[in-house]
Each structure stands twice: as structure tokens, then as C-alpha cells.
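Each chain, written out:
2 protein chains.
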Amino acid sequence: MTMRISELSRRSGVSIPTIKYYLRERLLPPGESSSAANQASYGETHLHRLRLIRALRVVGDLDIDRIRRVVDAIDDVALPRHELLGVAQRALEPPADPDGPTDDVREARVDVDQFLEELGWEVAEDAPGRAILATTLAALRRLGRDVGADVFTPYADAADRLAWWEIETIPPSVPAGDAVERMVVGTVLFERALMALRRLAHEHHSARAGR
Amino acid sequence: MTMRISELSRRSGVSIPTIKYYLRERLLPPGESSSAANQASYGETHLHRLRLIRALRVVGDLDIDRIRRVVDAIDDVALPRHELLGVAQRALEPPADPDGPTDDVREARVDVDQFLEELGWEVAEDAPGRAILATTLAALRRLGRDVGADVFTPYADAADRLAWWEIETIPPSVPAGDAVERMVVGTVLFERALMALRRLAHEHHSARAGR
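First to last, the protein sequences are chains A and B. With our numbering, the residue at position 126 of the first sequence is 126, and numbering never jumps. With our numbering, the residue at position 107 of the second sequence is 318, and numbering never jumps.
If you're looking for bench data, these hints aren't it; they were derived computationally from the structure. There may be inaccurate statements among the hints.
Label-pair ranges, simulated between beta-carbon atoms [said to hold, decoys possible]:
hint: 1; chain 1: A; residue 1: ARG10; chain 2: B; residue 2: ALA251; range: 49 to 57 Å
hint: 2; chain 1: B; residue 1: ASP314; chain 2: A; residue 2: ARG68; range: 25 to 33 Å
hint: 3; chain 1: A; residue 1: GLU107; chain 2: B; residue 2: SER217; range: 19 to 27 Å
Footprint (simulated), chain A over chain B, 3 or more residues, beta carbon under 8 Å [what the hints assert, rightly or not]:
hint: 4; stretch: 260-266
hint: 5; stretch: 330-340
Here a beta-carbon is modelled for each residue, glycine too, at the ideal position from N, C-alpha and C.
Model the full assembly from the supplied sequences, consistent with the hints where possible.
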């Protein structure tokens with residue numbers, strides 16, 4: 001079934017000006033021209049893509065450039081599946097520091113690499129997470145905290161348990177075409193939920209501790 | 212001790228054009244004019260503030276507007292301490308959906324409120340986390356996942372343990388002036404670290420599961 005932009009707006013909960021903006025930015029593929037002049041028509045694919053964009057934009061708080069990289073990866077049928085996952089995952093990462101790594105970040109990176117090795121985690125040398133942890137550790141130190149990479153231990157424990165559970169509960173037969181979207185949605189949406197729950201739990205435990 | 216912009220750049224690892232941009236955007240207070248014409252001089256306060264901005268920008272991936280709201284809260288000496296924490300915490304939150312809550316978000320909100328009540332968490336009715344969870348749950352449902360708020364259970368368990376640990380390990384006598392900065396840094400930097408570790412743990416467990 002096809003629909004006009006007004007129905008697409010009603011069913012998605014996204015305003016017509018916002019839909020037009022996504023069309024201009026080529027996040028949403030153009031509708032098919034219909035017989036009536038100046039009236040494009042849209043299908044279920046458009047509705048689903050619009051919901052994905054809104055989830056990344058509103059829930060994931062991703063900017064338009066990053067959303068474009070993610071949907072480009074989802075649409076790139078030429079990439080083999082395991083590369084697709086990597087490309088989409090990397091599109092989600094924030095851009096690297098334009099000023100490049102400083103000496104203290106390079107130093108922190110050595111500590112982070114050793115920390116991950118001690119955890120026994122098998123992750124690629126160029127996984128963006130390594131650089132993020134190094135930048136974070138260096139930032140903590142610059143702000144006057146005298147800490148080693150083991151400051152991340154409780155976070156690594158929590159992440160390890162969660163990731164194990166998340167991987168275990170993927171249904172065995174997800175169609176290949178949906179796998180990337182599923183990964184993107186799972187990464188971004190549950191990340192946001194975890195952050196919201198951590199802040200709510202802070203409020204709850206602060207109130208109990210009287211701080 | 213005071214320094215010129217070149218030394219401020221060298222010690223902070225932030226380029227001079229980036230420092231000038233932060234000065235123009237009033238994220239960084241102006242330096243003091245010195246005797247030499249057109250040469251402002253900067254102190255340790257500027258260096259520390261610059262490190263905070265860089266941590267929020269590069270590690271926390273916050274945009275300039277949000278960083279401005281956070282540093283404004285830190286600098287607002289008129290606010291009582293507990294309000295200061297709340298203001299800074301809210302400044303960190305992403306902006307609300309400009310299109311406002313739709314019916315399905317309102318429906319999800321009821322489920323989220325009940326979920327939090329069942330957990331026994333004492334959090335304010337208007338805590339931004341409630342709205343974020345409702346938007347997330349509605350987004351999952353719109354994308355075709357037939358889930359209740361209990362989809363968040365493993366994340367709530369992880370957040371509960373982490374937040375308890377984080378609150379317990381705050382040194383008992385942090386000077387009041389530093390408390391807000393400490394909270395902001397702790398929220399943003401460890402959030403980023405947790406996200407990076409979750410993605411690294413995904414890579415590790417995916418490799419082990421052969422998926």
C-alpha cells in the first residue's frame with residue numbers, strides 16, 4: 001500500500017517539515033511520483049526508515065551526518081555482511097579528536113591496551129573503543145585525578161555481563177538484511193536506556209545515602 | 212603564574228584556533244590584558260576550564276550549546292549546591308523531541324513508570340530518564356519489536372550495581388565548589404567509557420560465539 005506525505009506524517013508521528021528536511025538531506029529515499037501533479041507517494045519502506053531515523057536522532061541523539069553514514073552502511077548491499085556490521089558500528093562512533101592524540105593520550109593508550117589484555121578480551125588493535133578509553137583516561141588525569149586504567153574495572157565487569165547476555169539472546173535466524181539494523185538499533189537504543197537508568201539509579205542511591 | 216595563549220595551547224594540547232573559538236563562544240573566560248599590546252595572559256583556571264571543555268567535547272561528544280549550559284551551571288555561584296547538581300545534570304541531557312510526545316510515547320511512559328516502581332527506585336516524577344526510557348521503548352515498538360518495559364531489566368541491574376558503587380566511593384569531603392564538576396566529569400567520562408567497553412565486549416563475545 002502507498003500513502004501521501006500527510007499520512008506518512010500521521011503514521012510516523014514526524015511532522016511534514018521534518019520529513020521534507022530528511023528527504024532534502026537524502027536520509028529518506030524519494031517517494032514515487034504519482035498521477036496527481038506534485039504528489040509523491042510513499043510505502044512501508046519509507047515508514048520504517050523514518051522510524052529508524054527518528055530513533056537514532058531523538059533517542060540516540062546522533063547528528064545528521066552520523067545518521068547518514070549509518071543508513072548508507074545499511075543500504076550498501078555490496079558489502080559482505082561481517083564488513084557491513086563493522087562499517088555501521090564505526091559510523092556510530094564519534095569523530096576522532098581533530099587535534100590528534102597528544103603525548104598523554106598515547107601514554108594512556110599503553111595502559112588501556114594492557115588493561116584489556118589482562119581482561120583477556122580479544123578485540124582488534126584498531127577498535128575505536130581502545131582510543132576512546134585512552135582519551136577518557138588522559139582526560140581524567142588532566143583534570144587532576146591520579147588514576148590507572150583499572151579505574152574502569154567496575155565498568156568493564158558491567159559491560160562484560162551485558163554484552164554476553166546481549167549476544168546470547170540474539171535469535172539464531174535473523175535475516176541477513178535485518179542484522180545490521182538490529183545491531184544499530186540495539187547498540188544505540190539500549191545504550192541510551194542504560195545511560196538513563198544509570199542516572200536514575202544515581203538519583204535513587206543519592207537520596208538513600210543522603211548526599 | 213600566568214601564560215600566553217601559545218603556552219596555554221602547548222600545556223592543554225588544544226590548538227590556538229580552537230582556543231580562540233572557545234573564547235569567542237564564551238565557554239572560556241577572557242584572559243587578562245597584559246602590558247604588551249594585544250597579548251592577553253591566562254592562568255591555571257583557564258587551563259583547567261579548557262581541559263574540562265575538551266573532556267566534554269572530545270570524550271563526551273557534547274555539542275557547544277550543551278557544554279555552555281554545563282559550564283554556566285558550574286559557574287552559577289548563586290544556586291544552592293543541591294540545585295546546582297540538578298541543573299548541571301539536566302544540562303547534560305539531550306534536548307526533548309521537538310515534535311513532542313506522541314500517543315505511543317505516552318503509553319510507553321505508563322509502562323516505564325510502573326517498571327521503575329516495581330524496581331523500588333525513588334526518582335522524581337520529572338526526572339529526564341523516565342522520558343528517555345519511554346521514548347526508547349516506543350521507538351523499539353515502532354521498529355517492530357513486541358516488548359514490554361521489562362526489556363530493560365538487565366540494564367537496570369547493571370546500572371543499579373554501578374550507581375551504588377559510584378555513590379559509595381565518593382570521598383566524604385569533596386569541597387562544595389568541586390562537587391558539580393566532579394559529578395559532570397563522572398557522569399560524562401565514565402558514561403563514555405562504559406559505552407566503549409560495551410562495544411569492545413560485543414566484539415569479544417561475538418568473536419567467541421562465532422557470529
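Evaluation of the provided hints:
no.	hint	result
1	ARG10(A) <-> ALA251(B): 49 to 57 Å	holds, 56 Å
2	ASP314(B) <-> ARG68(A): 25 to 33 Å	holds, 29 Å
3	GLU107(A) <-> SER217(B): 19 to 27 Å	holds, 23 Å
4	260-266	holds (count 4)
5	330-340	holds (count 7)
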